[in-house]
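> Okay, here's what each chain looks like letter by letter:
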Amino acid sequence: MKKFFLLLFILAIPLYPAEKVKIRELYENGEKYNGKAIIVEGEVIGDLMGKGEERWINIKDEFEDFAIGIVISKKEIEKIENFGRYRIKGDVVRVLGIYNINCPKHYGERDIHALNIEVIKKGEKYTEEVNIKKIYLCFLLLSITLFIAYLYHKEGISREE
Amino acid sequence: MIPQFSRDDLKGIFHYTGKLIILLGYLFLFPLFVALIYKEWNPAIDFIFSSLFSFSIGYLIIWRFPEEVDINWRQGMTIASLIWLIYMFLGAIPLYLSGHYNLYIDACFESMSALATTGLVLVKNLDHMANSYNFWRHFMCFIGGQGIILLGLLIFFRGASAFKIYVGEAREEKILPNVVQTAKFIWLVSVCYLIIFTLILGSINIIHGISPSRSFFHAICIFMAGWDTAGFAVQSQNIAYYHSILIDIITSLIVILGAVSFGLHYAVWTGKFKEILRNYEFKTFMVSIILLTFFTFIGFMKFTRNVDFFSSFRIVSYHIISGHTGVGYTNADSYYLKNYFPDFSLILLIIAMGFGGCSCSTSGGIKMLRIGLILKELKREVKGYSSPTSTVVVEKFHHIKDISLTDSSVKLSSIILIMYIATYLIGGIIGTFFGYPFLHSLFESTSACANVGLSVGITNPDMPNSLKLTYIIEMWIGRLEFISVFVFIRYLFSLRSPE
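Taken in sequence, the protein lines are chains A and B. Counting the first sequence from 1 gives a position; this note's numbering is that position plus 10. Counting the second sequence from 1 gives a position; this note's numbering is that position plus 101.
Just chain A, with the same shape it has in the complex (with noise of 0.2 Å):
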């Protein structure tokens, strides 16, 4: 029987009017959106976290300095290939979520509970090249300082004598 109110709330969400929100407006504004149904989007950054039927991933605003967790079934962690990191760029996805201020059920945390989530940019592995003019200057930098090291040294063997 809870499983059957259960699914009837998953299957009444979409009908909900979700509104699509930028992540910094849930920090700003968290108040207009607590509890409701919304619809963020963002990268996937760092890791994969907990274990069971329950995970945790964390977002972030792909233009800006805002993040958050979101609750997701193991089921749709597969969708998610790539987690933000130096030199990677995370799956970008689109979640459909309950927002909590402060979710009951994980003891005061501010999180979404995604009931669907959906990759609407794949991430990707990327390169930097090695900057050749650092390495020149690296060089310089070491002569001056092999020179002025030169200079102490021999200035204190003279000292000593």
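Just so you know, these hints were derived from the structure itself, not from any lab. Since the structure is predicted, the reported quantities are computational estimates derived from the model, not experimental observations. Just so you know, even glycine gets a beta-carbon here, dropped at the ideal spot from N, CA and C. Fair warning: there could be bad hints in the mix.
Which chain B residues stay away from chain A? Per the calculated CB distances, all over 10 Å, these [claimed, not checked]: (1) Phe-156; (2) Lys-285; (3) Leu-295; (4) Arg-315; (5) Ser-345; (6) Ile-346; (7) Leu-354; (8) Val-408; (9) Ile-416; (10) Ile-504; (11) Leu-570.
List time: in silico DSSO-like cross-link candidates among lysine-lysine, alpha-carbon distance up to 27 Å [as the list claims (entries may be wrong)]: (12) B:Lys-439 with A:Lys-30; (13) A:Lys-115 with B:Lys-225; (14) A:Lys-164 with A:Lys-84; (15) B:Lys-225 with A:Lys-32.
The hints should help you fit chain B onto chain A, whose structure is shown.
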């Protein structure tokens, strides 16, 4: 007549400053090593550049000032103040080259915040930062928390000079008869806890499903920033990133240990466990944390609706511990503090931040020993007025040993207390000049000066540069506890107008 600074003072000041800059050149090799492990070539080049730049400046200075002279108090304090600024400028170089900061002043802000163990950040897109840069941010917390001078003591300073420069870095207690031995003990304790807590935090992260290499990388960074009460984290969401009560509990334990006096650590390490129950400063610290948590919680429950009992307790207790110890870790976020903490709770959190941790620890703020001394003095005064005129009232307390309250110790504590409160207020007033509400400005100013790092959102890359500079100065003088900075400023003025 107080002797003026002379040009001869320069010899000692510059010689040891040069040596400490060379030390920084060596310290850059640690993040370089991390960069090589993770094959981060561009960051590796940046660390080589920063290291060579430090070596060249350091050698240039000691080449011009080669004499290893004994230094006096004023030279010691000047070196301590000056070196923190130099480390800020040089430590900011790889950060700025990383491309994660808008301006060099932003990188300097972050560098001072790390060294002074504050934890306020201006970094952009932290979640995509290279591991080696991120390691450097946390490693600077470790260096600054332990003390730049304290590290130098192990290598350069000997004899009478050692204690004079040691005091300049806001440390008065000699845990062991010799300051070099004291420095060795502080580093020993820190490295032991580093190993223990890296293993614990790393294991918890693995249990949470994070890959082993990232688990231990996060663990070592979180420990360095937590133990040294800095509050930096590897990801932009700070401790909230982990969504874990267990991480909350372990980090709380680390920061309380970091905020406890190394004198108490020494007593416990040498088997004197009763010292925990007898130590006046530690007892005052614990009572203060409990009372402030209780009243902040009451205020939070009264004014903040729709939050259950346990969630409220988790958030409130974590922030009071974080603020009181001066770490600045958060399991919520700056908007949460700004929007959902009622004024009553914010004021109590400001008080917790202003008090700070214990003396001779890695935390900032007024320090609990000074608060305790002033409370004892109050008790002595009340006793004195209620006793016959001829009665001499003696007030004693136990802090490692039994100590009688003296007028001079109360006087010094009162001066430092007044200086801290005045700086908190001045920073708060400056914040209002830029249009921020007074309570929020006072919160941010206290957080900067007491080297805490909690924020209500004022600190961000778009804040006015003058305010960034204000907070940099607050972090610097707050970390060095005023006196050595005042000696340094007096030195600068006496150079300009020799009499």
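> Taking the hints in turn, state whether each one holds.
Okay, the hints, checked on the actual structure:
1. Phe-156: Phe-156 of chain B is in fact no farther than 10 Å from some Cβ atom of chain A, at 5 Å.
2. Lys-285: holds, 28 Å
3. Leu-295: holds, 22 Å
4. Arg-315: Label violated. Min Cβ-Cβ 6 Å, cutoff 10 Å.
5. Ser-345: violated, 8 Å
6. Ile-346: violated, 6 Å
7. Leu-354: The assertion about Leu-354 of chain B holds, with a minimum of 18 Å to chain A.
8. Val-408: Per Cβ check, Val-408 of chain B is inside 10 Å of chain A; nearest 5 Å; violated.
9. Ile-416: violated, 5 Å
10. Ile-504: holds, 42 Å
11. Leu-570: holds, 22 Å
12. B:Lys-439 with A:Lys-30: holds, 24 Å
13. A:Lys-115 with B:Lys-225: Judged against 27 Å, a Cα distance of about 31 Å means the pair is violated.
14. A:Lys-164 with A:Lys-84: Measuring from Cα to Cα gives roughly 68 Å; hence the hint is violated.
15. B:Lys-225 with A:Lys-32: Satisfied, since the Cα-Cα distance of roughly 18 Å is no more than 27 Å.
Figure legend: structure checked against the earlier numbered hints; hints not met, in rising order: 1, 4, 5, 6, 8, 9, 13 and 14.
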